[in-house]
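Protein chains: 2
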Amino acid sequence: MSNSNYASLDPLFHPRSIALAGITTTNPEHWTRMFLDALLESEFEGPIYLVNPRGGEIKGLKVYQRLEDIPHSIDYVISTVPAKASLGLVEACAGKGVKAIHFCTAGFSETGDEEGVRLEAHLVEMSRRRGIRIIGPNCMGIYCPGSRMSWSTDFPKESGTVGFISQSGGNARILVSQAMWRGARFSKVISYGNACDLNESDFLEYLTADPKTKIIALYIEGVKDGRRFRDALEKAAKEKVVILLKGGATEGGARAASGHTGALAGSDVVWDSLCKQLGIIRVDSVAEFADVIITLLFMLPPRGRRVALLGAGGGNSVMIADEFTKRGMEVPLLPQEIINELREFTPAAGNILRNPIDYSQTMMEIEKMVRTAGIISRWKGVDFLIGFLNLVWPQSSFRRQMDKLIAMILEESIANSKPMALVLEPGILPEHTKQLFDLTQKCADLGLAVYYSHASAAKAINLVLSYNENHPVKVNK
Amino acid sequence: MSNSNYASLDPLFHPRSIALAGITTTNPEHWTRMFLDALLESEFEGPIYLVNPRGGEIKGLKVYQRLEDIPHSIDYVISTVPAKASLGLVEACAGKGVKAIHFCTAGFSETGDEEGVRLEAHLVEMSRRRGIRIIGPNCMGIYCPGSRMSWSTDFPKESGTVGFISQSGGNARILVSQAMWRGARFSKVISYGNACDLNESDFLEYLTADPKTKIIALYIEGVKDGRRFRDALEKAAKEKVVILLKGGATEGGARAASGHTGALAGSDVVWDSLCKQLGIIRVDSVAEFADVIITLLFMLPPRGRRVALLGAGGGNSVMIADEFTKRGMEVPLLPQEIINELREFTPAAGNILRNPIDYSQTMMEIEKMVRTAGIISRWKGVDFLIGFLNLVWPQSSFRRQMDKLIAMILEESIANSKPMALVLEPGILPEHTKQLFDLTQKCADLGLAVYYSHASAAKAINLVLSYNENHPVKVNK
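Protein sequences appear in the order of chains A and B. Residue 0 is where the first sequence starts when you use numbering that gives the first Met the number 0, and the numbers rise one by one after that. Residue 0 is where the second sequence starts when you use numbering that gives the first Met the number 0, and the numbers rise one by one after that.
Read the hints as simulated data drawn from the structure, not as lab findings. Glycine included, each C-beta is placed from N, C-alpha and C at the ideal position. Heads up, some of the hints might be wrong.
[Stated by the list, open to error] Taking lysine-lysine and the DSSO-like style, the derived pairs with C-alpha atoms no more than 30 Å apart in a straight line are:
| # | chain 1 | residue 1 | chain 2 | residue 2 |
| --- | --- | --- | --- | --- |
| 1 | A | Lys61 | A | Lys83 |
| 2 | B | Lys379 | A | Lys275 |
| 3 | A | Lys433 | B | Lys441 |
| 4 | B | Lys441 | A | Lys223 |
| 5 | A | Lys156 | A | Lys83 |
| 6 | B | Lys433 | A | Lys156 |
| 7 | B | Lys367 | A | Lys433 |
| 8 | A | Lys156 | A | Lys367 |
| 9 | A | Lys367 | B | Lys83 |
| 10 | B | Lys441 | A | Lys325 |
| 11 | B | Lys379 | B | Lys433 |
| 12 | A | Lys83 | B | Lys441 |
| 13 | A | Lys433 | B | Lys325 |
| 14 | A | Lys403 | B | Lys433 |
| 15 | A | Lys325 | B | Lys223 |
[What the hints assert, rightly or not] Here chain B is said to cover these stretches of chain A; the calculated rule only asks that three of the stretch's residues, wherever they fall, bring their Cβ under 8 Å from a Cβ of chain B:
| # | stretch |
| --- | --- |
| 16 | 46–52 |
| 17 | 244–255 |
| 18 | 461–467 |
[Unchecked claim] Residues of chain A placed beyond 12 Å of chain B at every Cβ, according to the derived structure:
| # | residue |
| --- | --- |
| 19 | Thr24 |
| 20 | Cys103 |
| 21 | Val123 |
| 22 | Asn137 |
| 23 | Ser158 |
| 24 | Arg227 |
| 25 | Glu322 |
| 26 | Glu343 |
| 27 | Pro355 |
| 28 | Val391 |
| 29 | Leu404 |
| 30 | Lys433 |
| 31 | Ala454 |
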């Protein structure tokens, strides 16, 4: 992207004022209210103008009956007006110096109806003539904590290094939610829907040029211009870590995608080889997106694939050893001298001192676990350390000490320069899931990656290891 | 298993009295207390005798200093004495008419030490001479709600049709916990550890002959007698649905298994072809065990692989369509006449009326969703119905109506003889996981299968569909 292109898009992420056209004045729980709630919660600094033909007032803000009535210029408009009112809105915006309209409004080409397709074409034509860029329609638009633009009251106010371009607003929300509680923060998240004007290539070029973005995650259902997108992807992958989730990878999914955003999905094989060729991490679900992002952000790159697994539960340790081995990692047996060293203070009965190291019996004595973690992380035979525990399992007196224990083990691993991560399996009982959430927050504060199943940890760590094996490390904690 | 063999093992699951040898008298949170707590909680009806050299009293029960001091005969002993005291315990039991000892006690062959191996051999020799059967050592023993035997205060008191033979106590606990909250109940769960006397084949033959058990789940790290086990497995698979999780399927996992229960794991390829040949459902994790069990118990067998996906979230619906298609299911497009019928009362904008059917925009109007579910489930073009929702997504006012909505949709599917299940993705926020737990309980009451990710639902349903395609249906709701 040329500097002028970057310069032309960047103002969309930093508007001085925002108008919300089509916000409902009656029902405070109506979905059109979410943008106002989010902008107020995130403390957007410029003026916010509300527009609805009924007029009135919401939360102390005047509701203008028409956009034209606003006695100031407007940079950015978020539209929740009905589709049939969209052309009129573009006209009104033209007189107000509006740079871009985000049409949350749906009912265009994604319906598959002739009328919707035609309306979208008109919308593009008219906005081009008026020099107004369009995001959408049929999407959630921009979340940019740096400029306090947001569309959910749940999103963090702090900025981070992850950029996310998502054709789906729902998937954008799910990813932010899954990753934020584990410590990830975002530079820009863009839900762009039908992409009638600004599309995936525009946003990809923008984030590639954006100095605040180090990791680019892409959820794509279909692309508008394959050639341009491929070039943009190649450039992005050279400069940043790119992770891709392809929606509509199957026939059934592709049909769903065409109904969702009118996208033509393209062959899965083509996407796969493209990712391999360009060095892009490909994931299969939003949850995997979050796992990979957390790995990139918080796990220092291991020097190799030899892992020490330290936790509790005999069967559990067999399961995790299987998962890590399946994903191409090595679980080397502890050498006899280390076993002997551990045996000096650890009883053999009920503990397994091999690798995995199962501390079932002695887990209440946390100083022994910490000492073990020190010995293991000093051992030159492994490249990284994974702690594991199923929260269904331990006694409550142990649970109360877990955050302390985790911090102490992490300290050992850092002191010995061994990357570390944690697998905590929760079950579904509220006392366990609540504890998992609290522990996750503590780990996020410590800068420690947490995963919620053996399989997802092994898969994400393998994806990042493979990536690092083929690329100079681009992201650091 | 001959009737006499069944008759000889069955009393172990219905002891008239139980002695707990080695229970600690000091620390009420010590792990040796868990058996007493569980037996009291489950209201074991026979006498419970406690044994510890210190004597005294726990919860109003006298603690005998020696087993010999108990002035009654004893059917069953649960041992938490140290390994070195195990031989003495067998001697003491011989004089008391004890039929079986469950050695929770660890520190035998699983340590890999010569001493532990020798001790275990002595234990077997002595108990055989005395006519006492051994469960274990190094395991959690028997949970049999029908006779109120239990080893966890969390386990349900009601009996069910699922039998679980697990070499690992931790995995047994995790499975019971994962499946019970989703409505599964168990006939017998056996954690059998090192299997020095009674082994996987004994228990498999027993559950095959047990009229209360319809589904047999097996977590196996290694087998003692391959030939016998194969025969037992073949017979089991002919009479019941058998699900197998092989621990130590990889080199790393096999090494862990040998440290856990001294098991020799055997080749993964052999296990795979054995399962295929005998018609056994093979799973890769404890979570998958639970998913498959729930499917078998609660989802009426669909007549085919054509699925209607009904839920909310455009990107979400693309993701679930991909997962179900990947697992060999078909997501057929709704015919135009059905789309027209739905359009009569559903706005096109913000909803996707294809398949998946995405009700994002109109989800607040639950009577429309129910009407849609009725129309879809009457359609002859699909064999079953899956509802889907990510709990991160909807507004709280919708969340409050969800249990009502689910019950109403289920009613439609039952009225139209279309099997149905639900995918609810929770995220990790306590307000969502708590809600998921409550909804799961409601679904369990309704007899509805719930899964926690698209991928896990698609995998489990595919495993059960494949099983049903090759076998007469053995399990019904």
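Evaluation of the provided hints:
1. Lys61/A to Lys83/A: holds, 25 Å
2. Lys379/B to Lys275/A: Violated. Lys379/B to Lys275/A sits at ~42 Å, over the 30 Å cutoff.
3. Lys433/A to Lys441/B: holds, 20 Å
4. Lys441/B to Lys223/A: violated, 45 Å
5. Lys156/A to Lys83/A: Since the Cα atoms of Lys156/A and Lys83/A sit roughly 35 Å apart, the hinted pair is violated (cutoff 30 Å).
6. Lys433/B to Lys156/A: With Cα atoms ~25 Å apart, Lys433/B and Lys156/A stay inside 30 Å; holds.
7. Lys367/B to Lys433/A: It is violated: about 34 Å lies between the C-alpha atoms, which goes past 30 Å.
8. Lys156/A to Lys367/A: violated, 40 Å
9. Lys367/A to Lys83/B: holds, 23 Å
10. Lys441/B to Lys325/A: Since the Cα atoms of Lys441/B and Lys325/A sit roughly 37 Å apart, the hinted pair is violated (cutoff 30 Å).
11. Lys379/B to Lys433/B: violated, 37 Å
12. Lys83/A to Lys441/B: Given pair Lys83/A, Lys441/B is violated - Cα atoms ~42 Å apart, limit 30 Å.
13. Lys433/A to Lys325/B: The hint is violated at about 33 Å.
14. Lys403/A to Lys433/B: holds, 25 Å
15. Lys325/A to Lys223/B: Distance of about 25 Å is within 30 Å: holds.
16. 46–52: Three-residue rule not met by the stretch 46–52 of chain A, so violated; n is 0.
17. 244–255: It holds: at least three residues are needed, and the stretch 244–255 of chain A offers 9 whose Cβ sits within less than 8 Å of chain B.
18. 461–467: violated (count 0)
19. Thr24: holds, 18 Å
20. Cys103: Its Cβ does come within 12 Å of chain B, the nearest being 9 Å, so this is violated.
21. Val123: Non-interface label stands for Val123/A: nearest chain B Cβ at 18 Å, farther than 12 Å.
22. Asn137: violated, 8 Å
23. Ser158: Since the minimum Cβ distance to chain B is about 21 Å, Ser158/A lies beyond 12 Å and the statement holds.
24. Arg227: holds, 23 Å
25. Glu322: Nearest chain B Cβ is 8 Å from Glu322/A, so the label is violated.
26. Glu343: Fine: 15 Å to the nearest Cβ keeps Glu343/A off the interface.
27. Pro355: Answer for Pro355/A: violated, closest chain B Cβ roughly 5 Å.
28. Val391: Val391/A not clear of chain B: closest Cβ-Cβ about 5 Å, inside 12 Å.
29. Leu404: holds, 17 Å
30. Lys433: Lys433/A not clear of chain B: closest Cβ-Cβ about 5 Å, inside 12 Å.
31. Ala454: At roughly 6 Å from the nearest Cβ of chain B, Ala454/A sits no farther out than 12 Å, so the non-interface label is violated.
Hint violations for this structure: numbers 2, 4, 5, 7, 8, 10, 11, 12, 13, 16, 18, 20, 22, 25, 27, 28, 30 and 31, all remaining hints satisfied.
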